[in-house]
Amino acid sequence: MSTLDLNTVKANKVVDARGTSCPGPLMDTKIAISTIPIGGILETMSSDEGTRKDIPIWAKAMGQEFLGVVSEPGYDRIFVRRLK
Amino acid sequence: MRMANRMSILLFSGTRDKLTSVATLSTGAVAMGMEVDIFLAYWGMNAFRKSMIGTNNRFDKDFEDMSGTLAKNMQAKNINWLENLRKAKANGNLKIHVCSTVADLFEAKKEDFDPIVDDVIGIGGYIEQAKDAAITLYI
Chain A
0 MSTLDLNTVK ANKVVDARGT SCPGPLMDTK IAISTIPIGG ILETMSSDEG
50 TRKDIPIWAK AMGQEFLGVV SEPGYDRIFV RRLK
Chain B
0 MRMANRMSIL LFSGTRDKLT SVATLSTGAV AMGMEVDIFL AYWGMNAFRK
50 SMIGTNNRFD KDFEDMSGTL AKNMQAKNIN WLENLRKAKA NGNLKIHVCS
100 TVADLFEAKK EDFDPIVDDV IGIGGYIEQA KDAAITLYI
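Protein chains in written order, with numbering that gives the first Met the number 0: chain A, 0 to 83; chain B, 0 to 138.
Pulled out of the complex, with its shape left as it was, chain A reads as follows (with noise of 0.2 angstroms):
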């Protein structure tokens, strides 16, 4: 999916882990992906540099669908789908 795609789509679930530190966004991330249907999008903005490295290798660690990074000024929206 491009990130024009991702710019437009519209998250199930959006998780604000903004001002937190690693791991905390991916531990929100890891909280909040049970609480969307399966195929559903959960998006998490965070400001933390790790993070969107950490969510790629999580999202594949956990059978999850990694869908990519719109980046904004100070901080990313990270996009993944659950698939399970």
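With beta-carbon atoms standing in for the labels, derived distance ranges:
#, chain 1, residue 1, chain 2, residue 2, range
1, A, Ser-46, B, Met-51, 30 to 38 angstroms
2, A, Phe-65, B, Ile-134, 18 to 26 angstroms
3, B, Lys-130, A, Phe-65, 31 to 39 angstroms
4, A, Leu-82, B, Ser-50, 41 to 49 angstroms
5, A, Lys-52, B, Asp-59, 24 to 32 angstroms
6, A, Lys-52, B, Met-2, 22 to 30 angstroms
7, A, Ser-46, B, Asn-92, 24 to 32 angstroms
8, B, Met-51, A, Gly-67, 40 to 48 angstroms
9, A, Ile-37, B, Asn-92, 18 to 26 angstroms
10, A, Glu-48, B, Ala-70, 16 to 24 angstroms
11, A, Gly-73, B, Ile-122, 47 to 55 angstroms
Partial list, derived from the structure: chain A residues whose beta carbon lies under 10 angstroms from chain B:
#, residue
12, Thr-19
13, Cys-21
14, Met-26
15, Asp-27
16, Ile-56
17, Trp-57
No lab work stands behind these hints, which were simulated from the structure alone.
In this text, a Cβ means the ideal position worked out from N, Cα and C, and glycines have one as well.
We have chain A; now place chain B onto it with these hints.
Below, chain B alone, put in the same frame as chain A:
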């Protein structure tokens, strides 16, 4: 032998820098779907006493000149090791054990520890948990 999807930490130190590292590692492991066992000995054990857990402000002596800045930044960035450890425990399989020999040495009982501590166990129990853990750390 197949490694268990588990991280086992032997926490000897009780300074805030190391406690914060343990909370960060434990949170990361829980988020990644691992079980976590923390075995407390010596100063690590004392840091979990009810009488010390909320007020402990000790830092590594080797970097004493930097500890003031570190404490200030931890507060500014809202990094609270105990809160983070509680959150990890609430959202995963994380257990905290006290070494019975050390508890005896410091004359501490189960009720002297914060409720985040699960139990007091022997070294045999620790070895059993650690021997097939995929990650083992001594901190």
